[in-house]
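Q: Spelled out, the chains give:
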Amino acid sequence: MTWDLVVNVVIAGVLTGLVYGLMALGLSVIFGVVRVVNFAHGEMMTVAMYAATVLFAAFKLDPFLAVLPVAAAFFVFGYVMQAGLINPFITRPEHSQFMLMVAVAIIMVNALLMIFGPAAHNVQVDYQLESFELGKILLDKARLYAAAAAVLAAAALFAFFKFSLTGKAIRACADSYLGARVVGLNVKRLYALTFGLGAACVAVAGCAMVLLVDVTPPLGPYYTLLAFVIVIVGGLGSMTGALLGGVLIGVSEALAGLFIAPSAKSMFSFGLLILVLLLRPQGLLGRKQ
Amino acid sequence: MRARVSLAVLLALLAALPAFAGSYALSVATLILYFAYTGQAWNVMMGFAGQLSLGHSLYVGVGGYAAGALFFHYGIGPWAGLWVALLLCVALGVVIGFLAFRFGISGVYFALLTIAFAEFTRIGFDHLDWLGGPGGMFLRVAQRDIWDLANFRGPPLMYYYAMLFLTAGAFALCYFLLRSRAGYYWQAIREDEEAAQALGINTFRWKMLAVAISSAMTAVSGVFFAFYYNNLFPEQIFHISRSIEIILGPVIGGVGTLFGPILGAAVLTLLSDGITEALAALGWEIPGIKQVFYGLVLLAVVMFLPNGIWPTIAKKLRL
Numbered sequence: 001m002t003w004d005l006v007v008n009v010v011i012a013g014v015l016t017g018l019v020y021g022l023m024a025l026g027l028s029v030i031f032g033v034v035r036v037v038n039f040a041h042g043e044m045m046t047v048a049m050y051a052a053t054v055l056f057a058a059f060k061l062d063p064f065l066a067v068l069p070v071a072a073a074f075f076v077f078g079y080v081m082q083a084g085l086i087n088p089f090i091t092r093p094e095h096s097q098f099m100l101m102v103a104v105a106i107i108m109v110n111a112l113l114m115i116f117g118p119a120a121h122n123v124q125v126d127y128q129l130e131s132f133e134l135g136k137i138l139l140d141k142a143r144l145y146a147a148a149a150a151v152l153a154a155a156a157l158f159a160f161f162k163f164s165l166t167g168k169a170i171r172a173c174a175d176s177y178l179g180a181r182v183v184g185l186n187v188k189r190l191y192a193l194t195f196g197l198g199a200a201c202v203a204v205a206g207c208a209m210v211l212l213v214d215v216t217p218p219l220g221p222y223y224t225l226l227a228f229v230i231v232i233v234g235g236l237g238s239m240t241g242a243l244l245g246g247v248l249i250g251v252s253e254a255l256a257g258l259f260i261a262p263s264a265k266s267m268f269s270f271g272l273l274i275l276v277l278l279l280r281p282q283g284l285l286g287r288k289q
Numbered sequence: 001m002r003a004r005v006s007l008a009v010l011l012a013l014l015a016a017l018p019a020f021a022g023s024y025a026l027s028v029a030t031l032i033l034y035f036a037y038t039g040q041a042w043n044v045m046m047g048f049a050g051q052l053s054l055g056h057s058l059y060v061g062v063g064g065y066a067a068g069a070l071f072f073h074y075g076i077g078p079w080a081g082l083w084v085a086l087l088l089c090v091a092l093g094v095v096i097g098f099l100a101f102r103f104g105i106s107g108v109y110f111a112l113l114t115i116a117f118a119e120f121t122r123i124g125f126d127h128l129d130w131l132g133g134p135g136g137m138f139l140r141v142a143q144r145d146i147w148d149l150a151n152f153r154g155p156p157l158m159y160y161y162a163m164l165f166l167t168a169g170a171f172a173l174c175y176f177l178l179r180s181r182a183g184y185y186w187q188a189i190r191e192d193e194e195a196a197q198a199l200g201i202n203t204f205r206w207k208m209l210a211v212a213i214s215s216a217m218t219a220v221s222g223v224f225f226a227f228y229y230n231n232l233f234p235e236q237i238f239h240i241s242r243s244i245e246i247i248l249g250p251v252i253g254g255v256g257t258l259f260g261p262i263l264g265a266a267v268l269t270l271l272s273d274g275i276t277e278a279l280a281a282l283g284w285e286i287p288g289i290k291q292v293f294y295g296l297v298l299l300a301v302v303m304f305l306p307n308g309i310w311p312t313i314a315k316k317l318r319l
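Chains as they are written, first to last, in the working numbering: chain A, 1 to 289; chain B, 1 to 319.
A portion of the hints provided could be inaccurate.
If you want the footprint, here are the derived chain B segments under chain A, 3+ residues with CB under 8 Å [unchecked claim]: (1) 45 to 54; (2) 104 to 111; (3) 124 to 131; (4) 239 to 248; (5) 294 to 301.
To spell it out: a stretch of chain A is covered by chain B in this simulated footprint if at least three of its residues, at any positions, have a beta carbon under 8 Å from a beta carbon of chain B; those stretches are [to be verified]: (6) 97 to 104; (7) 111 to 121; (8) 220 to 228; (9) 237 to 248; (10) 262 to 269.
Which chain A residues face chain B? A few, computed with CB under 8 Å, are given here [to be verified]: (11) Val37; (12) Ile107; (13) Leu273; (14) Ile274; (15) Leu277; (16) Leu278; (17) Pro281; (18) Leu285.
It is worth saying that the hints were derived from the structure and are not from the lab. Each residue gets a CB set at the ideal place from its N, CA and C atoms; glycine is no exception.
Given these sequences and hints, build the entire structure.
A: Have a look at this one:
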């Protein structure tokens, strides 16, 4: 085993990790603001991946163009789901919210199974087989573009929360539910908006991810757990933390796959989660409560 | 009084059930009791003490594998294996509880910690060849006509009565626990931990007790599972969907109630079977369709009966 190989694997891990990070960013935003545990997060991710394969099969639409309609649809879906389904649950106990999202997740993953069957689906574009060569480093084009899309989407979200008035209002809701209501914010509508934005993040991540892996229904629960690991490791409520967590998990998965066994890769993610929960429960970049 | 009489009648009916039921109905009833018992065990932690565990498959799996491996490798029967399973699961529960409660982890974070331990163990077991790895571990199949109590091998009837005994025992245990000092302390912690602490309750110690009892009870489920099904796969027994299955019964029936886990297990198992039959009769046998219906019903119950089915029924029956 040479250093070149290790470096290449680490770089691939970083790039995939950025896409993971965008997925987790959606979860972090939803949980940070709405305080509801979205246990259907990975399932939403797989729905987006299937949507990209369908658009590709029907119209030969490149997944990077499919991002726009899929993200728009996901925004509406997320908004409606929060407004219609989840808002009544925000004052209920955690296990009740958890069961609600589990029910949604069960419906989603099995609806996908009904429609698409258990076989793997994917998209095939020319640049998936091409790569940039920088000396001994090979960069897969698809992976690089996917990571770039993830970074762009994350940057847009950062800017929205930092500079726009609505973004500030949402942050106010996250800081204090009561305070936000006192100053006259329509908290429920802002919650719905937040869930819509989180869903749109997942849509972008899903369209990018479909270029890197084949999609099957069981990927949904796997991504849900992965997103939770990333968000906790990075620090709940910290947006840079989600991206950093994604990169860390991406690299640790890649290295575990290289040095130990691909099947053992998520064991390291969960090991990391246990360590972070115990030693730094607010996450690497999280604020102390 | 009404409640006690109803309970006695129900128990008598369940004891007499094998006289009327065919082998299929008996297997369904055994499954219901299995989920009722395991749900009751989970309920001690969540329903009584307010600690949400989403990783109870860990204790089922470790308990099942402990007793199963002793039987498989050394021919040691489940009565000895049970103690090993109990010890291991209590030790695991205590370690997880100690780490979580000492570091002040609660709520969603605690739930995620329990998932992490279960998933970590699942993948670990996938790589343990001594326990069969992902290919699974198979116990010698039982002689179905002899009651071999020493090795817990026998006809389905034996497993049914074993599960009935366990469910009734767990119900009685929880009845007394709820009315004991521990029960009142747990409920105080569940409702408001800080207030409980201010009253001088050592919340750490009582939460640990809840975890220990719950994990011990769940270990027994695991031993039963191993000797009833005779096969163990990490992918199946430790999977998070198993943990969710355990939780569904008490949540649907009513978290924190004594009868909720039993009612919830019955409703869900019968519902699942009913959907299977209905879809078969209609000829709609598409993979996934059953779970979609199941999910829709679950959604409806969670939305419209937030406290579960049992509290609503109990009020109507004035029990």
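Q: So, for every hint listed, does it hold in this structure?
A: Outcome of the hint check:
1. 45 to 54: holds (count 3)
2. 104 to 111: Check passed, 6 qualifying residues.
3. 124 to 131: holds (count 3)
4. 239 to 248: Satisfied; 5 residues make the cut.
5. 294 to 301: Result for this restraint: holds, n = 5.
6. 97 to 104: holds (count 6)
7. 111 to 121: Satisfied; 6 residues make the cut.
8. 220 to 228: holds (count 3)
9. 237 to 248: Our answer is that it is violated, as 0 residues pass the Cβ test (under 8 Å) against chain B, missing three.
10. 262 to 269: With 4 residues in contact (Cβ-Cβ under 8 Å with chain B), the coverage given for the stretch 262 to 269 of chain A holds.
11. Val37: At 6 Å from the nearest chain B Cβ, valine 37 of chain A passes the 8 Å test, so the hint holds.
12. Ile107: 4 Å, holds
13. Leu273: 5 Å, holds
14. Ile274: Where the cut-off is 8 Å and the nearest Cβ of chain B is about 5 Å from isoleucine 274 of chain A, the hint holds.
15. Leu277: 5 Å, holds
16. Leu278: This interface hint holds because 5 Å falls under the 8 Å limit.
17. Pro281: Constraint on proline 281 of chain A satisfied, holds at 6 Å.
18. Leu285: With a minimum Cβ separation of about 16 Å from chain B (threshold 8 Å), the hint on leucine 285 of chain A is violated.
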